[in-house]
Amino acid sequence: MSASRKVLIVEDEDILAENLQAYLQRASCDARVASDGASAIRALDGFVPDVLVLDYRLPDMSGFQVLDAIRMRGATANAVLMTGQPRNEVYDEAVRRGIEHILFKPFPLAELSKVVCSLGPWVPTRVAGGGEQYGAHGLTHADRRQHPSNRFPMRLYDGTWLFADRRHADSCRPLGEGEGEGEQ
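Under my numbering, the first residue of the sequence shown carries the number 127, and numbering increases by one thereafter.
Derived by calculation from the structure, the hints in this document are not laboratory data. Check before you lean on any hint, since a few could be wrong.
For each label pair, taking beta carbons as the anchor points, the in silico distance ranges come out as [stated by the list, open to error]: (1) S130 to G210: 28 to 34 Å; (2) P185 to P232: 18 to 24 Å; (3) Q211 to D140: 27 to 33 Å; (4) R213 to S154: 33 to 39 Å; (5) R213 to D171: 32 to 38 Å; (6) G210 to C243: 21 to 27 Å; (7) K231 to Q191: 16 to 22 Å; (8) A164 to G200: 16 to 22 Å.
Derived EDC-like pairs (lysine to aspartate or glutamate); straight-line CA-CA distance at most 20 Å [said to hold, decoys possible]: (9) K240 to E215; (10) K231 to D140; (11) K132 to E219.
No residue lacks a Cβ here, since even glycine has one placed at the ideal position from N, Cα and C.
My request is simple: use the sequences and hints to build the entire structure.
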């Protein structure tokens, strides 16, 4: 993936948002975080993302509403939806809005990185009958295969940091001084 891949993460759970951002930054992304829909829309004033990673349920609006508002401003970013709501209505609405990937919470962080890396340019396309179908590849559900580089710092809800490896459950250990931020 290019070091210039820009990702806007829209997630209201601070710890999860920090973990997603840290993991994507370690994958050479320029990842930024917005904690609600209004902040995400404002973030476009100084940041043009290639990929939007949207939580389905946000405090002020749905991830779909955020996507609609961002696209109305002319942004052509791909979208990835994160949800703990695996319902048909969510799936159908994602397809209608051209969201190519849905990540069902909880998901491995490597899964998000794989999805972000796999996305090409977002292009709305016309379909038979005069309607629009967004996206180039159609909706897929990300699989659970592991990325070969899975070591990353992860902040827990109690505020402590671990150096984790998704491949080995027993490899989590507290971060010592000098670890985490400087390790790339």
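Status of each hint after checking the structure:
1. S130 to G210: 28 to 34 Å: Holds, since S130 and G210 (Cβ atoms, about 31 Å apart) stay within the stated range.
2. P185 to P232: 18 to 24 Å: Taking Cβ atoms as reference, P185 and P232 lie about 20 Å apart, which means the hint holds.
3. Q211 to D140: 27 to 33 Å: 20 Å, violated
4. R213 to S154: 33 to 39 Å: Given about 34 Å between the Cβ atoms, the range holds.
5. R213 to D171: 32 to 38 Å: 34 Å, holds
6. G210 to C243: 21 to 27 Å: At roughly 24 Å between Cβ atoms, C243 and G210 fall inside 21 to 27 Å, so the hint holds.
7. K231 to Q191: 16 to 22 Å: 19 Å, holds
8. A164 to G200: 16 to 22 Å: 18 Å Cβ-Cβ, so the 16 to 22 Å window holds.
9. K240 to E215: Distance of about 25 Å is beyond 20 Å: violated.
10. K231 to D140: 15 Å, holds
11. K132 to E219: 25 Å, violated
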